[in-house]
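Visitor: Let the hints inform the model, and build the full structure from the sequences given.
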Amino acid sequence: MEAKAKAITPQREILAGLGLFGIALLYLYFPVLKNLVWDWWHDPNYSHGFLLPLFSAYFIWINRQKIAEIPVKTNFFGLFIVLGGLALFLLGWVAGEQFTQRFSFLLVLYGGLVFLLGWPLAKKLAFPVWILVLAIPIPYVIYNSLTFPLKLFASKVATELLQFFGFSVYRDGNIIVLPNMVLEVIDACSGIRSLISLLAICSILAYFVPKTVWKIVLLLSTVPIAIGVNVLRVFITGVLAYHFGPKVAQGFFHTFSGLVVFGLSIALVLIVHKLVVRR
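Anchor point for the sequence shown: position 187 equals 218 in the working numbering, and the numbering is continuous, going up by one each time.
Because the hints were derived from the structure by calculation, they are not lab data. Beta carbons are placed, not taken as given, at the ideal position from N, Cα and C, and that holds for glycine. Don't take each hint at face value.
To be verified - Listed below are the simulated BS3-like cross-link pairs for lysine-lysine, each with C-alpha atoms no more than 30 Å apart in a straight line:
# : residue 1 : residue 2
1 : K305      : K242
2 : K155      : K246
3 : K154      : K305
4 : K104      : K155
5 : K305      : K97
6 : K154      : K97
7 : K246      : K154
Claimed, not checked - Derived DEER-like restraints, expressed as beta-carbon distance ranges:
#  : residue 1 : residue 2 : range
8  : F239      : F195      : 38 to 48 Å
9  : P62       : P170      : 10 to 20 Å
10 : T243      : K278      : 42 to 52 Å
11 : F195      : A88       : 45 to 55 Å
12 : L49       : V164      : 17 to 27 Å
13 : I217      : I45       : 49 to 59 Å
14 : H285      : S176      : 21 to 31 Å
15 : P241      : T286      : 33 to 43 Å
16 : V213      : F111      : 49 to 59 Å
17 : K278      : R95       : 49 to 59 Å
18 : G50       : I217      : 44 to 54 Å
Guide: Structure representation (structure tokens):
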């Protein structure tokens, strides 16, 4: 009984090591993390970034008993992961590339956990650590390459739907021309915001799906759901703008419609999750 208690209780040296490692990590990455939080606050595409660390902490808390039962054993391979992460950080710092620096934080963090706690415990902590990658804004070159075709697709399909239902409209790129106004599908209306947020939600839900194949199905479902619901939003905006004028495509009405369609997206994701859990 005594031997078991020693096996499941972290040694003081390990706790001290975790404390020192945490302090060093925060000292090195404080400017990076500060800018990341700034992005969460100012970029609506990543406002969910505030919630993911809370979820990670909650996940660790509800699994604390299982985590405590895993023996702590130093693994020096973690040092190689830490060194790789620091090299990536240096590369990102030299290149002025924020995504690389931010991603390196997770790599260094996980490497430190592997070194101080060992593979079995680090494996248990892998999900709450790597889910945080979804809180890191993707590079703008990738963001722009995604938003442009999404804008064109949404405007094209919405225009075809409007024409199908008898509305006199035509499209010029991502611009839908109505008789009484011009409706431009901008980046915020491309669906990328919903796609990013839904991917974060589905990643959390997928963890609780038993079979890998259905995890993948759930994650992939975010793409058609986000795109389809966004097309519906553009179409409805076009219908309302046709009858009631530009005011429904601006200000409060525009923001409110975004919240409504995102709520619809979450509902559809939950339906898919319920279906795959039963498999």
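Visitor: List in ascending order the numbers of the hints, as given earlier, that are violated by the structure.
Guide: Of the numbered hints, all hold.
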